[in-house]
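Mind assembling these two chains? They're in different frames, but the hints should get you there.
These protein sequence lines are chains X and A, in that order. Residue 236 in our numbering sits at position 236 of the first sequence; the count goes up by one each step and never skips. Residue 548 in our numbering sits at position 548 of the second sequence; the count goes up by one each step and never skips.
One or more hints might be untrue.
Stated by the list, open to error - Straight-line distance between alpha carbons at most 25 Å, and here's what the computed DSS-like set of lysine-lysine pairs gives: (1) X:LYS39 with A:LYS658; (2) X:LYS55 with A:LYS676; (3) X:LYS30 with A:LYS645; (4) A:LYS646 with X:LYS45; (5) A:LYS190 with A:LYS168; (6) X:LYS35 with A:LYS645; (7) X:LYS34 with A:LYS646; (8) X:LYS245 with A:LYS143; (9) A:LYS676 with X:LYS51; (10) X:LYS34 with A:LYS658; (11) A:LYS143 with X:LYS190; (12) A:LYS143 with X:LYS243; (13) A:LYS676 with X:LYS72; (14) X:LYS245 with A:LYS362; (15) X:LYS39 with A:LYS651; (16) A:LYS658 with X:LYS15; (17) A:LYS676 with X:LYS64; (18) A:LYS461 with A:LYS170; (19) A:LYS218 with X:LYS243; (20) A:LYS651 with X:LYS45; (21) X:LYS109 with A:LYS676; (22) X:LYS30 with A:LYS658; (23) A:LYS362 with X:LYS133; (24) A:LYS157 with A:LYS168; (25) A:LYS676 with X:LYS57; (26) X:LYS15 with A:LYS651; (27) A:LYS651 with X:LYS51; (28) A:LYS658 with X:LYS35; (29) A:LYS646 with X:LYS35; (30) A:LYS658 with X:LYS8; (31) X:LYS209 with A:LYS218; (32) A:LYS157 with X:LYS133; (33) A:LYS658 with X:LYS55; (34) A:LYS492 with X:LYS237.
If you are wondering where the hints come from, they were derived from the structure by calculation, not from laboratory data. Predicted model, so just to flag it, every value in this text is computed and none were measured.
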Amino acid sequence: MPHCQTFKQKIKELKGKAQNIEALLSEYVKTGDKKTEEKIDSLLKEIEKFKQEFKTKATQLIEKFIQRRENKNEKVEIIFDERDCRFIINGNLDFSSRIHLNDFPNLIKEIAGTLRTESAHTINLPNLEKIGKNFYTLFTHTINLPNLKEVGGNLEIPIAQTINLPNLEKIEGDFIALLTQTINLPNLEKIGGYFSVSNAQTINLPNLKEIGRDISFNEDNSDLNALIEVAREWREKGILRGKIKIFNEEGNLVQEF
Amino acid sequence: MIKKVKIIYKYMPKKYNEKEVYSKLLSKRGAERHKASQEYAREKVFYDERLQRLKQILEKVSVFTPEEVEEVEKDDLEILSQEIKALQEEIEKQVSLEEIKNLQSRSYKRLFQFMRERKSLLDAQKELMEVRKKLRDEYQEEKNDGRRNVLSELISKYTEAFKQIEAKIKKISFRNPESFLAYALLELRKYKKELPSGIVETDYPKSQKERAEEILTKSRLVAFLGETGTGKTRLARKIAEEMTGDYEFVPGHKFITAEDLFYYRGLDVRKISPSDVPEIIKREVERFRLEHPDLSPEEIKSWEETIKQVVQGQAVSKELVSEVFLSAVLKAANEGKIVIIDEFNYIPPALLAGLNALIEAKPDEEISVFGQRIKVKPGFGVILTGNITRSEFRGRYLQREKIDPALVNRLNSGLIEYGSLPQANMSFRESILSQSELNEGKQIPSRELFQIGLTLLADEKGNISGPKDLLERVWNLSEELSLLQKIYGGEKLETPVKLSGGQDVVLKEYPISNRTYLSILEHWKNDNYRYSIDWYVYDNLIRPASIISPSEAGQIFSLLKERGMFFQDPMWGEVLKVNPTNYEIEGIEEIERSRKDFMKIQELKAPKHYFAPKEVAEAFLGVEMPELEEIEEVKKELEDEEKIKKYENLKERYDNVKSFIENLEQTIELYCQDEKNILRNKK
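Only chain A is shown next, with the shape it has when bound in the complex (with noise of 0.2 Å):
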């Protein structure tokens, strides 16, 4: 009988709960590197200093009881100190120092291995990205469809490798504690990284990147549609800084023309002499008007006069000479760079449809541009971003503006919702999969708003500390803040939100944007936590919100508290009212005259909580952390695996020649058919 090799996985005899004591030693190790990042804060701050300084006002001022003084000298460094010396204490009493090192060492094999692989499929990954950027600079330049179609194809084919790499990633990360841990806090500081950029790459910015660089290789020209706020104008100078590094920016607005824009003809100053001034005002004003061929026989007449007063008023001694200037959408074509038009949907749609030209033109093909001759370079594309929505697009703009059909067609393909990021609308608990419902099959819920929030209160080595029900503040703020975005942008929502009076919610004034949610992430971080989020969702957004809408402020305060999650303090109801006719939201002067009272209710008194890394990663990731697993290798039988080797290869054989045999007859008739055809046309 030939047993099949298996590495055997089982349990080794133990006399104490192995798991329990590994689930400590990472609490330990927990504990510990927030003692040390403590401990390099203090000396970042000088915080034994300050604590003293802190304790002489104290006592001059004498505001505190002695006990609450006490209270303050406590530090969070002893607590964890205690905290470390007690688990350590606890582990020592179940498990001898040899069996600990045993099973710390096992534990840093596991971590390694992942690192390594990790490394090697990123290695992977980069080269994959330096091959593609290859072949999409080589099917920009080139000319010929054919070719053109196999360079796409083989794009595509690194962009699935690309993904499946990334999918492979994740999936060495649920292996395992150590991978696990290491994944979500290595993925944590990669986004502390991006947060000071404005545009951090979480799953959906990151598909919105690539699908827009895709087309832009592709087709030259990508327009991001979406509300105020959500980024987009940030994604496009990432996207535009790594496909052609330096990039060209025009700010759209009504007035814009398309000198601005195309090019603009400055004049120069020369001498000449008065006897030509004719000749000349003749020339300038037969270029003004092949320049401007719209305006009506009155406004030419006008500017005429103007031309000729100019031209003698300098001719006395001097000529005007003209030269060509290339602005920002033109220089763009010209050295084969990226041009971002934002807000393009304030800009007139006839001048925009001077892009077309260039979009198509072949590359280095010359074409002409509002009568400037100009070479379109590879590398050459145009990235529109507007704050509107595409119903809003096609309905509105399309049909007022009457924009040129043929970029409108050109849009298409390369118009890319960028909407609000996605967020789960359910419990924390609930938003946390069990590895059994990960297995089979069960989506993660949504969660990349919560993660820029965890991103920013964390610190560089993801260390989280803040009031014990922190991270359940946070993802509920993230579920409210995602919801009133969706809202303001008319996205679809899964289940229609009313107010208890029935009436819908109309937000369209106060852009509730990625910032909105960040500052008051960060002013409650700033202020270590000290009051309830509440007075921070109401300093950064109910009273902002007031003085652009106060309709608009009263909806959002009264959605916030009627769906449970924050203002449930009675004081937030009694001070602030919300007029039932027209929403109008009262009571904000009386917060702004006494706000220190009012924050001083809000305070929480609770000790702050530190949360250890399993905490963070699980809901950073939205997956329970993976149990351990003891591993023992079973020896292989040599004698079994020489036979299973001969097995395999019989095996590999008779599956060559199978689908032979099982579709001989059909492939026999199909060659006497042949023979057949073929000879008797020989004949």
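Same shape as in the complex, but just chain X (with noise of 0.2 Å):
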């Protein structure tokens, strides 16, 4: 059963209220009247059972959505920010087996845990902002998360044509990006951990501060020695705090500096 018109009619009608409850409280700092006092609780409690309705459809909401994840059996948490009324997942989501994952809700703004998907096709996550553990998606052919800040753990992005965050910041554990053509993270300041390339073309991370680990390069990449300058260029800087690996086709380390 929607709710989204009721809702929406509800709206106006608190919104006015609200801004009631402001000029009540100044009177009431000059004034201490009781009454005064009494009508800004009520208004108060009106806005709190609706906030507490709101919560609850949501959750509710979120969870018809958590119950399509393939690890049913592993819990899963729904965690509600009194702050700004978007939700936390702490907890894992497999959507493996999913084609495309665009229906992923708009209130969710952080899994706690690791968030993975395979052979989907869209992935569309417009207002996640952190994923606490690792995010892992195979054979994917748009990515979509125009507002992920932060990788707790790890980012696998195996096969995908291109890899565009625009807003990630911090990916905390390994990044490793094979067979992908462009990567553009214009606002990346650090991977924690490795930082594993093949056959990319355009790599854009022009405000990267750190690299933990080593760097590995395919043998194949098509500009393999600017690659091995810019990493080198990098250590220098003291950027990149590991080794420089290049490795062949069969997974084979050949070079190493």
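Structure below.
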């Protein structure tokens, strides 16, 4: 049963009432009048009730979505953040067999665990800001995560055409982007672990300040020498803390420095 | 109208100037403390008897005039007693005894409040430290990267909290005169206790220590870089002691071998039959080859011969059995301890590369180092110290010696420069901020070298007495020696220093360390400030420097003289001359031939001054003492309080829903989209 319309009707009414509260509060400071106090109290109760109702309905909605995950045996908690009325999912979400992931709730701002998809053609998570652990996706054509700022674990996106995460600032773990042509992470500052790339034609990381461990490229990279040059420069500047490793197609280490 | 509940501070109407009386009381308390410590000193050294004996000797040799003998007789204690008496009389002229009592009791109340608050903050800090230690141990034992990240974040949070408490202690210390004096004095005493260990934990060493501990926990390797005499090794020892208690120490030198650092094979002798000799020789030769792959065939051949001879010589009836003994580094790894490798810049880089595997190993992982299997226990860490600056490290050491790049990578994050102690370059008076300047957010001029100097000069109670300009002279010395240290260590100077002829000062051979600074002050103090400090600067700096490098001694002398704080007595310029072409100092021999006469010229005649605790505290902390504010609490109006509670409750509830209301449209819009998507998908 949809609630959208009911909620929308209620909005105008509540907005006007909230403005009243502010005026009443400043009056109460001056007078300390009992009646004013009661009036404020009743208005607040009404808003609090609506907030509670919204919380319940929104939680139910998210629950419906969460139920479609593959890892149903794992416990997942839905947490409501009072400050911005958004939700945090505490647990892992696995949508391995979904072809499209475009019904991901806008109200979710954070997944405290791991997010996993496989063979999803489109991934659309417009309001997700943080993934607490790993983000793994395979064979993805379009990835749309315009607001993602932080990945607490590894970011593994093997076999994607383009990785474009305009607001991503931090990857605490490894960043693995195999067989990906374009990597555009204009705001990324930190890769806490390994950085592994193969077959990349364009890599744009203008704000990178730290790669915690090794960097590895595939021998087949069309412009391997240029990549090595960049990696060397990173090391000179103290950005890269580990080694530079080159692997061949079989995955064997052929060069290291 | 609701009045906000406030504690109102105001001055009580008084017929006398309370602040003035109070400051006199403080001076009196200071003088009393000096007297007490003097009495103590007298008890200890049988001052009276010594004075009597001295008087007898003086009379016999009759060098002094009778007036001068009289002067000696008037000892410090008497001066102090007079001072206290005079102050007491002055106070009593202004206020009654009852009022003095009131004033004192309020003063003590403030003092106790500070001490209690400080104690609870220190307790909290101690607890934080203990938990952090536990977390660090756990971190080192943890093999899972994810969990390590969680622990690492927690550790950082604890460190942050620790710093916040430290700032809080400073904040409550500047609240009133009592807390200000108590804080300065307690810090001074803490430093005094640390001084004999050679490392006083002023802000700079403390922050570098914290940094090193953090890095050691996370990546096991730290390298302190800096010039001789900055105290790197002592700091390293302190860190190792605090982190693992017991630790290993290796002094670095050019001829150090893998045996000294990692392990060695000791030969044991047992009985054997002569028929086994060829087999044993073969085995030993094979082992030698494996262990020394870098030797040339000729060298190997000559060693083989030696081994043959040794085995045959010993094997008439005995067998050599070799056994592995762990040296410092592997011992530390095996036992989960810290190993300090001092002056690592002298150690061949190929040997240092042996550290790589150890540093990288997971806790309890078994790895191989130069052919020896070893399990790396949690707690293991390496502290390198090098008499080398960062730029030298990059330019000279890395290029020429071709240190293993893997080790360089690990070193990058663990490189800590350890330079001279922070010390501002400005006049003593300017260096003490007023309370209003402090409140405006002005930074206290750095004074860590000066603080150590004061620590050395103060007695256990924090009292200082000496020439009237003592604090200023010590400040000037700190300023000048800090400058020389910076020049010697190649540190960046705010304003470049040149001699009057326009030449740069170049100091490379004679190290100017904190030891030089302390020895000047120590000798001055031990002579009871009898001669000008110039003499001690000459005797502990210029003279020894002239032996090592006459041209550096000449430059130091010229610089100190030209900057106008030392050697201003024309006598110095007459005796000590600097050669204008090679800057070599001349005239030292002349002084040395008649030291006594020169010392006599430098004798200070002025009577000694007793520095009030206020003066010492202000100099030590770099801030003027806060003024006394008389407080009186006004009764709270009960009715108002109740109303305020109600108001605050309503306001809080409103604040809770405010952002919800403000973002209502957007939130509902998101909800509607979600509802549409999810319900549609269901169908």
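Hints versus structure:
Distance restraint check for LYS39 of chain X and LYS658 of chain A: the Cα-Cα separation of roughly 17 Å lies within the 25 Å cut-off, and the hinted pair is therefore satisfied. Proximity of LYS55 of chain X to LYS676 of chain A is assessed by CA-CA distance (about 17 Å); at most 25 Å being required, the pair is judged to hold. Distance hint between LYS30 of chain X and LYS645 of chain A is fulfilled; the C-alpha atoms sit about 14 Å from each other, no more than 25 Å. For the proposed pair LYS646 of chain A and LYS45 of chain X, the alpha carbon gap of about 15 Å is at most 25 Å, so the pair holds.
Annotation: proposed proximity of LYS190 of chain A to LYS168 of chain A holds, straight-line Cα distance about 18 Å (limit 25 Å). Taking the CA atoms of LYS35 of chain X and LYS645 of chain A, the gap is about 16 Å. The hint holds against a cut of 25 Å. Between LYS34 of chain X and LYS646 of chain A the alpha-carbon distance is near 10 Å, which keeps this suggested pair within the 25 Å criterion. Among the hinted pairs, LYS245 of chain X with LYS143 of chain A is consistent with the structure: their alpha-carbon atoms are about 24 Å apart, no more than 25 Å.
Restraint check for LYS676 of chain A and LYS51 of chain X: the C-alpha separation of about 21 Å stays at or below 25 Å, so the hint holds. Straight-line distance between C-alpha atoms of LYS34 of chain X and LYS658 of chain A comes to about 23 Å, which keeps the hinted pair within the 25 Å bound. For the hint linking LYS143 of chain A to LYS190 of chain X, the alpha-carbon distance of about 22 Å falls within 25 Å, and the restraint holds. A hinted pair counts as satisfied when its Cα atoms are at most 25 Å apart, and LYS143 of chain A with LYS243 of chain X qualifies at roughly 21 Å.
This hinted pair checks out: LYS676 of chain A and LYS72 of chain X have alpha carbons roughly 24 Å apart, not beyond 25 Å. Between LYS245 of chain X and LYS362 of chain A the alpha-carbon distance is near 21 Å, which keeps this suggested pair within the 25 Å criterion. Pair hint LYS39 of chain X plus LYS651 of chain A holds up; C-alpha atoms about 13 Å apart against a cutoff of 25 Å. A hinted pair counts as satisfied when its Cα atoms are at most 25 Å apart, and LYS658 of chain A with LYS15 of chain X qualifies at roughly 10 Å.
With a C-alpha separation of about 12 Å, the suggested pairing of LYS676 of chain A with LYS64 of chain X holds against the 25 Å cut-off. A threshold of 25 Å between alpha carbons decides the hint, and for LYS461 of chain A with LYS170 of chain A the separation of about 21 Å falls inside it, so the pair holds. For the hint pairing LYS218 of chain A with LYS243 of chain X, the CA-to-CA distance comes to about 18 Å; that is within 25 Å, so the pair holds. In summary, the hint linking LYS651 of chain A to LYS45 of chain X is supported, as the alpha carbons are separated by about 13 Å, within the 25 Å threshold.
Using a Cα cut-off of 25 Å, the hinted pair LYS109 of chain X and LYS676 of chain A holds, with the two alpha carbons roughly 18 Å apart. Proximity of LYS30 of chain X to LYS658 of chain A is assessed by CA-CA distance (about 22 Å); at most 25 Å being required, the pair is judged to hold. Distance hint between LYS362 of chain A and LYS133 of chain X is fulfilled; the C-alpha atoms sit about 22 Å from each other, no more than 25 Å. For the proposed pair LYS157 of chain A and LYS168 of chain A, the alpha carbon gap of about 16 Å is at most 25 Å, so the pair holds.
Annotation: proposed proximity of LYS676 of chain A to LYS57 of chain X holds, straight-line Cα distance about 14 Å (limit 25 Å). Proposed proximity of LYS15 of chain X and LYS651 of chain A is supported: the alpha carbons are some 17 Å apart, at most 25 Å. Among the hinted pairs, LYS651 of chain A with LYS51 of chain X is consistent with the structure: their alpha-carbon atoms are about 17 Å apart, no more than 25 Å. The straight-line distance between the Cα atoms of LYS658 of chain A and LYS35 of chain X is roughly 22 Å, inside the 25 Å bound, and the hint therefore holds.
A hinted pair counts as satisfied when its Cα atoms are at most 25 Å apart, and LYS646 of chain A with LYS35 of chain X qualifies at roughly 13 Å. For a cut-off of 25 Å, the pair hint linking LYS658 of chain A to LYS8 of chain X stands: about 18 Å separates their Cα positions. At most 25 Å may separate the alpha-carbon atoms for a hinted pair to count; LYS209 of chain X and LYS218 of chain A meet this at roughly 19 Å. Simply put, LYS157 of chain A and LYS133 of chain X have alpha-carbon atoms about 20 Å apart, close enough for the 25 Å limit, and the pair holds.
Restraint check for LYS658 of chain A and LYS55 of chain X: satisfied, since their Cα atoms lie roughly 15 Å apart, inside the 25 Å limit. Note on LYS492 of chain A and LYS237 of chain X: the hinted pairing holds, with a Cα-Cα distance of about 21 Å set against a maximum of 25 Å.
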